[in-house]
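Undergrad: So the sequences go chain by chain: A and B.
Taking this note's numbering, I'd label the letters of the first sequence as residues 748 to 1049.
Taking this note's numbering, I'd label the letters of the second sequence as residues 748 to 1049.
There may be inaccurate statements among the hints.
Claimed, not checked - Covered stretches of chain A (chain B as the covering partner; in silico rule of three or more C-beta atoms under 8 Å from a C-beta of chain B):
hint : region
1    : 760 to 773
2    : 833 to 844
3    : 848 to 862
4    : 957 to 969
5    : 1035 to 1042
I should point out that these hints are in silico values taken from the structure, not numbers from a laboratory.
Remember, it's a predicted structure, so these values are computed and weren't measured experimentally.
Here a beta-carbon is modelled for each residue, glycine too, at the ideal position from N, C-alpha and C.
Chain by chain, the residues:
Protein chains: 2
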Amino acid sequence: MKLTILGCFSATPRKDTNPTAQVLEINNHLFLIDCGEGTQVELRRNKIKFARIKHIFISHLHGDHFFGLVGLISTFRLLTRETELHIHCPQGLKEVIVLQMKLADSWTNYPLFFHELNSDDSELIFEDDKVEVWTIPLDHRVYTNGFLFKEKEGERHLNMPAVIEANIDIAYYNKLKQGHDVLNRDGVLIDHQKVTSPPSPPKSYAFCSDTAYKESIVPIIKDVDVLYHESTFLEKHAHLAPKTKHSTAKEAALIAKKANVKILILGHYSTRYDDLNEFKHEAETIFKPVKLARDGKHFDFD
Amino acid sequence: MKLTILGCFSATPRKDTNPTAQVLEINNHLFLIDCGEGTQVELRRNKIKFARIKHIFISHLHGDHFFGLVGLISTFRLLTRETELHIHCPQGLKEVIVLQMKLADSWTNYPLFFHELNSDDSELIFEDDKVEVWTIPLDHRVYTNGFLFKEKEGERHLNMPAVIEANIDIAYYNKLKQGHDVLNRDGVLIDHQKVTSPPSPPKSYAFCSDTAYKESIVPIIKDVDVLYHESTFLEKHAHLAPKTKHSTAKEAALIAKKANVKILILGHYSTRYDDLNEFKHEAETIFKPVKLARDGKHFDFD
Chain A
748 MKLTILGCFS ATPRKDTNPT AQVLEINNHL FLIDCGEGTQ VELRRNKIKF ARIKHIFISH
808 LHGDHFFGLV GLISTFRLLT RETELHIHCP QGLKEVIVLQ MKLADSWTNY PLFFHELNSD
868 DSELIFEDDK VEVWTIPLDH RVYTNGFLFK EKEGERHLNM PAVIEANIDI AYYNKLKQGH
928 DVLNRDGVLI DHQKVTSPPS PPKSYAFCSD TAYKESIVPI IKDVDVLYHE STFLEKHAHL
988 APKTKHSTAK EAALIAKKAN VKILILGHYS TRYDDLNEFK HEAETIFKPV KLARDGKHFD
1048 FD
Chain B
748 MKLTILGCFS ATPRKDTNPT AQVLEINNHL FLIDCGEGTQ VELRRNKIKF ARIKHIFISH
808 LHGDHFFGLV GLISTFRLLT RETELHIHCP QGLKEVIVLQ MKLADSWTNY PLFFHELNSD
868 DSELIFEDDK VEVWTIPLDH RVYTNGFLFK EKEGERHLNM PAVIEANIDI AYYNKLKQGH
928 DVLNRDGVLI DHQKVTSPPS PPKSYAFCSD TAYKESIVPI IKDVDVLYHE STFLEKHAHL
988 APKTKHSTAK EAALIAKKAN VKILILGHYS TRYDDLNEFK HEAETIFKPV KLARDGKHFD
1048 FD
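One chain only, chain A, in its complex shape:
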């Protein structure tokens, strides 16, 4: 599981700071999460292959989280993409995009699907044999979801010397990986646990931005490996958090602690702060380890 931060600052794009966008690589999927203005250029800068992105998740319809989407969709068209693209987003975004296509008389030459969200409950919005994606209902000024990405339990690993020693035909290897006992060439039933080791623990990532402090998300994100939680403010500006429906670094850390996550990543910093280390120090009074998102930063969780 790998995470590339394309942008992690709040509000407006500037010369050296980008609005929210990140790419999660999990079990060979490449998921784009949020898409602020300039995201397509940051994708190029980080050498991420456009064609590998098949699903885009948009948290909410504030501009710093989606103004780059229409341009990305349009660029995919100009690059003669053929792969289908799925947008998971709050209700209303399809109308915005389609209206602009209509005015430009430019329709995609690849299949484009919108999956619009309006539930206030956590729901499963994507699933295949390897990965699940769930919404995390957040508390912001407009309808907002975070997203929980979970690997499914993988297959058991064959212990090859033991498998050979047990005289098992290759035709049964997949059964063993799936956790079944099998007959060997001599007709003896072999306990799969004796010739395989347990699957690697499935990884999980929770993206929570933008949101006020919201304790009710804790059960949804319980025990995740990595939590990205917004920290627009430091505690010295805590009075601004409730009315703008954002969080402080300390609040993000409280959520991380209650949810028993393994790693907390902070981001969505207000551009009023010069020293981002203050976010880390503040959060570390509650929870460790804390990592700081930075534009262009790459995290490898394998």
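Based on these hints, arrange chain B on the given structure of chain A.
TA: Chain B in isolation, oriented as in the chain A frame:
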């Protein structure tokens, strides 16, 4: 009259090339012409004060000419702009912008006016005591206008030693500047031409992008000081120009020659070309002088 090129490449924004946007400073006005994705960052990079932009002119509704507008409008709001903003654009853009404001529940705190265009004739769309702006109907795949910016005739310049020698009261100086003969302190009628010199010749700038070769624009842009004309292609790809409704460098030069402009600036290059000097060389076989637009380039025509 000064021109700053924020972006001059066609199609998609990339690491080192920006889509169309430019700022024209003329008679103390700062006009933004087109607004591709990333324009707000380029405005910051070129240290252009946001508050000085009161009029934005959008040529057409292809993304590389307006996808940066919604973000710019939104950033103005976040910066608590109070100055009014006027958008001159093809019909339909207001709906796109307003829909996004509605979804974000974020309305501007400054007065925002849309002046939507749908005429196929050249029309006067802005005028004050110093400047006029006219549309230049172009020939592209969607409804498109270029824009002609013209200084009005200025005031005559006082020849101060002559004025003093003629014994004229200061109360009459403005009348002289406006070209009236006045009485001096001795009651003698003074010919204004004897104590003033003619006004500086008014400057003019024509922006023509995107368009196929269209000779009927020649009378509209006749004798302008500076013509920016798109040249998406070189002649070696001339076969692509009619179907995409773009021009070659040679065609841009033909328009410049027929219109008897003083300077031609080329831009809106296809990103297939590595050496932009080929555009200049090709155009110079027809017309001189030719300048090449480049992102971040500043032209001073005073």
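Undergrad: None of the hints should be skipped; say for each whether it holds.
TA: Evaluation of the provided hints:
1. Check result for the region 760 to 773 of chain A against chain B: holds, 3 residues qualifying (beta carbon to beta carbon below 8 Å, three or more required).
2. A stretch counts as covered by a chain when three or more of its residues have a beta carbon under 8 Å from one of that chain; for the region 833 to 844 of chain A and chain B the count is 5, and the coverage holds.
3. Counting residues of the region 848 to 862 of chain A whose beta-carbon sits less than 8 Å from any beta-carbon of chain B gives 4, enough to reach three: the coverage restraint holds.
4. Check result for the region 957 to 969 of chain A against chain B: violated, 0 residues qualifying (beta carbon to beta carbon below 8 Å, three or more required).
5. Figure legend: the region 1035 to 1042 of chain A, annotated as covered by chain B; annotation inconsistent (0 residues with Cβ-Cβ distances under 8 Å, at least 3 required).
In summary, the numbered hints that this structure violates are 4, 5.
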